[in-house]
Structures are given as structure tokens and as C-alpha cells.
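Chains A and B, in that order, are what the protein sequence lines are. Using my numbering, the letters of the first sequence map in sequence onto residues 890 to 1191. Using my numbering, the letters of the second sequence map in sequence onto residues 404 to 663.
Don't read these hints as lab results, they were simulated from the structure. It is possible that some hints are incorrect.
Said to hold, decoys possible - Here are a few chain A residues that sit away from chain B, every Cβ distance over 10 Å (derived from the structure):
no.	residue
1	Leu932
2	Ser945
3	Gly947
4	Gln971
5	Pro996
6	Met999
7	Ser1037
8	Gly1049
9	Lys1094
10	Pro1109
11	Leu1110
12	Asp1147
13	Arg1155
Said to hold, decoys possible - Okay, the calculated beta carbon distance ranges per label pair:
no.	chain 1	residue 1	chain 2	residue 2	range
14	A	Ala1032	B	Glu642	53 to 61 Å
15	A	Val1052	B	Ser591	54 to 62 Å
16	A	Thr1012	B	Asn490	42 to 50 Å
17	B	Glu587	A	Gln1143	48 to 56 Å
18	A	Val1052	B	Arg530	56 to 64 Å
19	B	Glu587	A	Ala1032	47 to 55 Å
All residues carry an ideal CB built from backbone N, CA and C; glycine is no exception.
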Amino acid sequence: MRNTFVDTIINASRKRDDIFIISGDAGLGVFDGFKEECPEKFLNLGVAEQNMASFSAGLSVTGFKVYMYNIIPFLLYRCYEQVRNDICYQKLPVTLVGIGSGVTYAPQGMTHYSVEDIGLAQTLPDLTVISPADPVEARLAAAYSLNSDKPVYIRLAKRGEPVIHQDDNFDITVPQVIREGQDTAVLFHGSISSEVMSAYGMIAKENICPLIISVPVLQPLKREILMEMLKGIRTVISVEEHFSSCGLGGILKQMHSDINPPWRLRTMGIPHEFIHTIRDTGGMRKHFKITADDIVAAVKGT
Amino acid sequence: MNLKEVSREIRASIIRMAHRSGSPHVASSLSCADILTALYFDVMKLEPWDERDIFIMSKGHAAMALYSTLAVRGIMSPELLEGYYRNNGTLPAHLDRFSAKGIEVSAGSLGHGFNMGLGMAYGLKKRGSRRKVYVLIGDGESQEGSIWEGALFAPKLGLDNFTVIMDYNNLQGYGRARDLCCFEPVKSKWQAFGWHVTETDGHDPEALGKAFNEGPEGKPKIMIACTTKGKGVSFMENELVWHYFIVTDEHKEKALLEIG
């Protein structure tokens, strides 16, 4: 996902001269191609996140399309107030590109996980929040940000995520049906897509076909379109590598409470606790019961 | 109008705004009135507007000083001052860049405008523009870590189009900068970071004007402007309580009499 995203930005920079990348001392090697082509449009502002965010805001005032890149905690948490006051409040077209979504960096420790970033990003009005599930969505998220004159937050895992889309061009701002199905719908965002698709593969062999929907844009969520997709569905299961309380699960709970739809909701994700257990990403998914097997069991249990 | 008359008019406007609205921060605004006079009536290029120099009020709580200056300078409509800090009003106590012409950056939380200014100065330089960026920070504001993050990078970026003015009145919300932390030696701190540093009387517009016009190429500049909080109104000068005190009818009459 990460490389697809960066390649899309590099391609765009060949046609327009306003693209500028600011790094907070992260992404070693990721921008080598960009730096080679546009060395004067890349700046590493070091381990100084408050300055990075305010500086990016100021740079965008002078007409640059700024991409601010960092590991998510250092992109959004450390400098939340700068993102709030300087980028979002002032409606500046800075795109925040965060890497290491969920527990991608396990077992680096809690300081490096991003299991509440969607909750935090949702507190910021006018910030578009995108969590791509595969390289196709990452490319379309990049394209969306290139055309946006507002702040955008894009959370990525790292690289090697499988492609789940058959189409390569669609409207990223609306939920996407990945597999048609009935009775039960599985909704997800981000890199947990690999577990969801494995689960679908297993369960389809037993002739159980849940509706599979990717929700790349979590803010603003196009509720009416999603409701239309969920017509006839009895159970919605959300799954994510994020706190379910303040991620897609929380968003769907709010929607459920607001409009009282005919489906019941089950949320799967990381519980609202600090993570002390030491495991790799796969081990974490097992621990938090968000693997393909857990998704299969949840669908069967409905 | 000469510069002294301009700053008198700005001070009188600040007193009237603070009195009318019942808002705090009158002394912080009086402290920087002469600095704003020098910038807007002497130093900054404002025509044509699209090519203007940029001023950022990073110590956003002194908004009344900026509003008054913009009104006296004819950039902002003076009617907007009437709706300052009022229900369904026009201008907030801390700056919102969408509220009026001339507010370049929204500010209020300290240690933000300085760094936005750095980004703007860098962007303007990249674009080959000769426009300059001026940022006013407080001495209390200089306790923010973000200031020192930016201070580390500006010299490396060669931002000689960037000038910081520190309103050094040695009086913040609850005490004196020099007592609260190891504020001094402030000049050598900035010098050690690679900045061109000058010290000047922050209440003498002509001295300020001279100080603005000197400095080497390739280096960002900070002017430590020695000021008195509440300057121009004897009973407010250098008095801690006037960071928050409200201007009553009696205060207003006395203050306007002193300002002249």
C-alpha cells in the first residue's frame, strides 16, 4: 500500500509543481524516487513533530500541496493540537500520511501502535479520514487527496497487502462491495482485509456467502449508501485492527442508535485497553480474536 | 500622523475595546502597540495586497492590538471592532483568520504562529518571492517546546526572510519569565541556535524601524524588544493583575486621559 501510495504522488508530481513532502524523520528509503526526481520538494524536519505540523500548515498557505509523512503516533498524537488548530481549523490542504496502522509494528510496543487514531481523527471536523484496505484503495486515496483542497488523513499499514478489488477505479468516498452475499454483512477497513478475504474463502466453500464491504472513508461516512447496501441484511459484523469502541465499530454503533436499522450489530476489534502483550502482528490478531478463523466463527454464529 | 500619534490611537482603541467588551489581555495588547506601529506604518510592504509582507500575531491573546492596528491602518473595517468579544459578534478574543481581512493566521494557543510563519517563509523563498514574514511572540510563549523545535531548523533553512520579535515584558499570566524558569540569558540562547539577535527598545518605533532593517543575509533574525506590559497607562504598567483585569468606566476615563 505504502509504495503504491508514494508512486501515485510521484507520478502526479511529474505533472504539477506544487507537491511537497515533509517527513518527520520517518520513511527511510520510501521517498528515494521522489527525492531523486524533486530534491527541492522534500524536507525532513527531524524529530520535532509540533514544528513539522505547524510548518506544513504554513507551507501550504503559500500554495504548496503538502504531504506530511510520519508513523501515526508522531503524525497525529504528538502534535494533535497543531493538526487541530493549524491544519484543520484553518482549512489548509495538508494531507497527513500515517504509516503503521493498527498493530502493524508489533512487537514494537504500545508507543508505536495506532489503535485509536480513527477515533482521534474523527474529532476533527472537515478532516476526511481514509483507511485503505489494499493497494487499489491506497492509490485512489492518493488520487482523492491530490484533488482535495481540504485536510485529509490517510492511514496505511506498510507494504505487501494483497489486492482485494477486481475494479481498479471507483469512488473511494463510498463503501465498496467486495463480495455479494446475504443475511450477514462483514464490514471492515484497512489491512485486516487479508483476514476478511481468507475468512470469505473458507466460508464460501461451505456455501455460506456473507456480504463483504470495505469502508475506506470513515469520515464522512456515506450512511445512506451503506444503508442501501445493507438492505435485507440481518446481522452486520464489523472487524478492524483498531479499538472497536472508537473505530468503525463505534461509528456503526452511533449509526445504529441514530436510525435503528433492521440489522443487529456485532463489533470485532481490539478492546479498549493498553497493549502489554508481546506478539507479532499475526500473534496480536490471534490474541484479539480478529483472525480469519475468528471472522468465520462470527459469521457462522449469527 | 507620525508614528507616536499612530501608537497613541492604537492604544486608545485597545482601551475602548477592552472596556466595551469586558475582555482581559489589555496589558498584553498595550505592550506590543509600538511594535505593531513600526511594522504596519513603517517596515512592512503592504501594497499590492497580493504581494504584501506577512505579519503573524503568535501571541494571539494580544488580538486587540492587531485588530486596532489593522483598523487604524485601514486594512480592516473599523466597524468590526464594535463586535469584538460580543454575542453574535465579529471578532473573537483569540485570532480566527476567517474573521476579517488582515488576520493571516488563526492563533491563541501559544507556540503555533511562530512555526506556521517558518513554513510560510520557507514556502515564499521556494517560490522565489521577496515577501517577508514577521512573527510576534511573547516571552512567556517562548517556554513552549515548539518554539525551540522551530528555532533549531530555521537557520539550517537560511530563512533570512523571517523575523521574530519577542515582546519581552517579563510578565506572563502568573509571574515573571525570569523567575519562573532560566529564561536568561535569552540573547545568547538564540545566538547559540544560529540566529541573528538584536535587542531594542520595544516602545520606540524609530529604533524598532532601524532594528528591522539590519541583519545579515542567510540568517533568520530575532529582535528582543524590551517592553513594559500595560505601557502607556501608569496604573497598568508592569502590574501582573492587568493580564486578566477588566477595564471599568473609571479605568477607561483615566487611561484615555493618560494616553492623550
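Here is what the structure says about each hint:
no.: 1; hint: Leu932; result: violated (8 Å)
no.: 2; hint: Ser945; result: violated (6 Å)
no.: 3; hint: Gly947; result: violated (3 Å)
no.: 4; hint: Gln971; result: violated (6 Å)
no.: 5; hint: Pro996; result: holds (30 Å)
no.: 6; hint: Met999; result: holds (23 Å)
no.: 7; hint: Ser1037; result: holds (19 Å)
no.: 8; hint: Gly1049; result: holds (34 Å)
no.: 9; hint: Lys1094; result: holds (55 Å)
no.: 10; hint: Pro1109; result: holds (21 Å)
no.: 11; hint: Leu1110; result: holds (26 Å)
no.: 12; hint: Asp1147; result: holds (30 Å)
no.: 13; hint: Arg1155; result: holds (41 Å)
no.: 14; hint: A:Ala1032 / B:Glu642: 53 to 61 Å; result: holds (58 Å)
no.: 15; hint: A:Val1052 / B:Ser591: 54 to 62 Å; result: holds (58 Å)
no.: 16; hint: A:Thr1012 / B:Asn490: 42 to 50 Å; result: violated (26 Å)
no.: 17; hint: B:Glu587 / A:Gln1143: 48 to 56 Å; result: holds (53 Å)
no.: 18; hint: A:Val1052 / B:Arg530: 56 to 64 Å; result: violated (39 Å)
no.: 19; hint: B:Glu587 / A:Ala1032: 47 to 55 Å; result: holds (53 Å)
Going through the hint list in order, the structure does not satisfy hints 1, 2, 3, 4, 16 and 18.
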